[in-house]
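J.: These are the residues of each chain, in order.
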Amino acid sequence: MRHFISTLDWSREELEKILASASEHKRDRIRPLLVGKTIALVFFNPSLRTRTSFEIGIYQLGGHAVVLEPGKGAWPIEFREGAVMDGDAEEHVEEVARVLSRYCDMIAVRAFPKFQRWEEDRQDSVLGLFARYATVPVLNLETITHPCQELALMLTLRERLGTTDGKKFLLTWTYHPKPLNTAVANSALIIAAKFGFDVTLLCPTPEYTLDARYMDAARSLTESQGRSLTVTHDIATGYEGAHVVYAKSWGALPYFGRWQDEAPIREAHRHFIVDADKMQRTDRALFSHCLPLRRNVKATDEVVSAPYSLVIDEAENRLHVQKALMTTLLSAGKKVAS
Amino acid sequence: MRHFISTLDWSREELEKILASASEHKRDRIRPLLVGKTIALVFFNPSLRTRTSFEIGIYQLGGHAVVLEPGKGAWPIEFREGAVMDGDAEEHVEEVARVLSRYCDMIAVRAFPKFQRWEEDRQDSVLGLFARYATVPVLNLETITHPCQELALMLTLRERLGTTDGKKFLLTWTYHPKPLNTAVANSALIIAAKFGFDVTLLCPTPEYTLDARYMDAARSLTESQGRSLTVTHDIATGYEGAHVVYAKSWGALPYFGRWQDEAPIREAHRHFIVDADKMQRTDRALFSHCLPLRRNVKATDEVVSAPYSLVIDEAENRLHVQKALMTTLLSAGKKVAS
Amino acid sequence: MRHFISTLDWSREELEKILASASEHKRDRIRPLLVGKTIALVFFNPSLRTRTSFEIGIYQLGGHAVVLEPGKGAWPIEFREGAVMDGDAEEHVEEVARVLSRYCDMIAVRAFPKFQRWEEDRQDSVLGLFARYATVPVLNLETITHPCQELALMLTLRERLGTTDGKKFLLTWTYHPKPLNTAVANSALIIAAKFGFDVTLLCPTPEYTLDARYMDAARSLTESQGRSLTVTHDIATGYEGAHVVYAKSWGALPYFGRWQDEAPIREAHRHFIVDADKMQRTDRALFSHCLPLRRNVKATDEVVSAPYSLVIDEAENRLHVQKALMTTLLSAGKKVAS
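So the sequences go chain by chain: G, W and E.
Start counting the first sequence at 8; every next residue gets the next number (my numbering).
Start counting the second sequence at 8; every next residue gets the next number (my numbering).
Start counting the third sequence at 8; every next residue gets the next number (my numbering).
Please note that the accuracy of each hint is not assured.
[As the list claims (entries may be wrong)] Here are the simulated lysine-lysine pairs, DSBU-like style, with alpha carbons at most 30 Å apart:
| id | chain 1 | residue 1 | chain 2 | residue 2 |
| --- | --- | --- | --- | --- |
| 1 | G | K79 | W | K79 |
| 2 | W | K79 | E | K79 |
| 3 | G | K185 | W | K121 |
| 4 | E | K121 | W | K79 |
[As the list claims (entries may be wrong)] One-sided excerpt, in silico: chain G residues whose CB lies under 7 Å from chain E:
| id | residue |
| --- | --- |
| 5 | G43 |
| 6 | E98 |
| 7 | R109 |
[To be verified] Just so you have them, the derived chain W footprint on chain E, three or more residues with Cβ under 8 Å:
| id | segment |
| --- | --- |
| 8 | 43-57 |
| 9 | 64-77 |
| 10 | 82-92 |
| 11 | 95-103 |
| 12 | 216-224 |
No lab work stands behind these hints, which were simulated from the structure alone.
The C-beta atom is built at its ideal place from N, Cα and C for all residues, glycine as well.
Just chain G, with the same shape it has in the complex (with noise of 0.2 Å):
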């Protein structure tokens, strides 16, 4: 049995055999392969794709998702390991996991940092308690990265540029009124490391660099692979030459907990937004941006709407990449549910 935290722990043509999976699964998208399979989708944040393109590709698979909210329709859950709980906890995700486990052939979870020491927040301890005790494969909804999106975006640019090795993919943050989740951006340098892009890296000052885990990971990822990863805070340098501008925007992880000191630097650098004059530094590049996106504050609708956006293929390509996913987990895992 193997669960589904980070593409880490996958090598490249592993999830290349996912991706050519998904190709399948969007060619036909009514196949029965998981009926009599029950899938829980647990979400603690918000999601209008995840949730749409998990629950009809798990449909169209046969399967059915179950949807739990906890603290909202579902009882509050206690994490920390030895608790006395008489707090607002109700339950122990040891309970909650071990009790899916029961019930269900999947458990897949949404657990955003909560914001205030990035020091706990690093440690995905949500997911990882779940994966600890669950006797099913667990799957990562997005935590401190977003591996579904992963798979999605690179499907996405296989799909129009052929090969990516070689390619070069520029990572830009932009602006937000909100310091946001690393989890899209750890999540978009290390596929594109992965899949033999040269990266770049564009961010306002050097604090809004990434956790050393996932810059690391993508270093050691580009240099095995003849490639190169380039940290830059210009524009023009970041820009020149690419094939592919992902754009995400993301809160600086040395204010983590303490954003007021961190919202000058941010105000200062709402020029990051993606626009037509930046794209026409590139090489013809994409662009694209995992969903939800603030048009004119990311980007310029004329770039949103472009011809070479991929906002949307992307979104679709949940679908797809999602249903390889699942079925690539469950023929590997060892429960039956009949």
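Given chain G's structure and the hints, the job is docking chains W and E onto it.
T.: Chains W and E only, in chain G's frame:
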């Protein structure tokens, strides 16, 4: 491909076909006509019947419904075009509609007015923007009209009255502690006019007359079939000789957004409640009301539970007309999920 | 047609048949016994296991569950008969139950007490009114008893103990920071009595004795089978020789609605926690608790995770007993969906 936004866009003949199909669905509930199809039900407001009847109807046809509640479990949405999205909304309806169109075969939307400026609400822009950007059929689950309720009402009346032409349809305003949406009133007016009734609108004062768009359409529809549209503020005149009494409360449009000024008029007309005395003035009329209904406020217990009350039948018929509608829209559409 | 409101309405023989059927469902999870059938799950309170196990069980039988949360996604409901509905409630339970009966083949309801007046809560009127107005079977998802949990408990004990007759069942109150529902305590008392245990109720003071309806029923059920019902406030006496220790916290009924007066008693009995020392007084007892369970408050980590702990098995068995129950109720009912 065709949307279902308002029955004003559909001819009586087309609607008659949908009603005939609904009767077939009522006789035979389990038919595999939407196998592999998925439909997004997007609720910006609460629902009991709409959600339940759609979800069950889709299941009975072999398809699958996904229920989305933006701002609760899903991200808040921006509806202004060209907006600089630095407020609360995390994504634009353009992306929502386009992405859902990639996942689903139909998008159904409930979006009540905001009750601040009628000139704005009457544009029905939430639904209109979904229809503009979606590439699959869009269906109205109640915005400023409620066309699914119209079809359910008309199926129910047909079952009881046989022909509707030339019979008297009374739409009566009733008291309710809050100023409600005019959607069901607009809809009742239009569908009764379209199906050949002589239509009477009974309301406390001229200020409770409905929007000119619907009054004019009802006048045109009745006149073209040799029937009449009458507005009265006299209870006796309204009920006299009616074959159908349809009750609904709504807020007076001239007071839109300054409801405290409307409250005294509203409070002075609690006696518009439908009761047995008033029903005795009719020609043994049938009574109905879309649910939810406040007992002993809009109509007395005696009326709601009387043999001539159609409220439960009308609610049941939502199931059947919606199945007819979905199969009609999807057979007209070009998109195939597989 | 028959409802499932309380196991007091069902004989031991009838319940034995349901348990036997549950064992079959446990061996063979995918059986097309409810194809085309739909079941409304109406939740007035949170749920994890109940919602998941019902939704999955219904799917595994080929049917479809609709989850409704009145006051959240659905309209707030009035329960007083004859009420002038000018408050918050938008519709009456009479319409809700009648309409759902037209759409669905069964209605399952979770409605916890309001914790203000026990004399009112003990009428179980929400569930009773659903049963009164529905024309399909109504099923209790926990109100003032929790009969599905009873069946799950008893299936689990049967699996471990074989026969239950003449064994000692200890129901022990435990501390919890809030005064909880007596439902599961009432249920544990009844089902243990019904299945031939010698039953002991251990609680801090006489004020924690359960409602006379359940105490009397348990006394009658035990006596008619030659067994005993014992109430004690002495921990050593309670645990001595027990074969089953079932833990639950609840609020003392004489303090209903004035919980601040109960708090000091509650706080003085934190030592009622189930721990390894207490378990050593038993005859190698099995331990169980309906979930959710606060670890190190109601029972220590050591006990909850011990080999003799049945909490996960009991939770899993919810799935199987509920499938047996639904197929029993629907084969007894007259309504057919198609």
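J.: May I ask which of the numbered hints given earlier this structure violates, with the numbers listed in increasing order?
T.: The structure breaks only hint 12.
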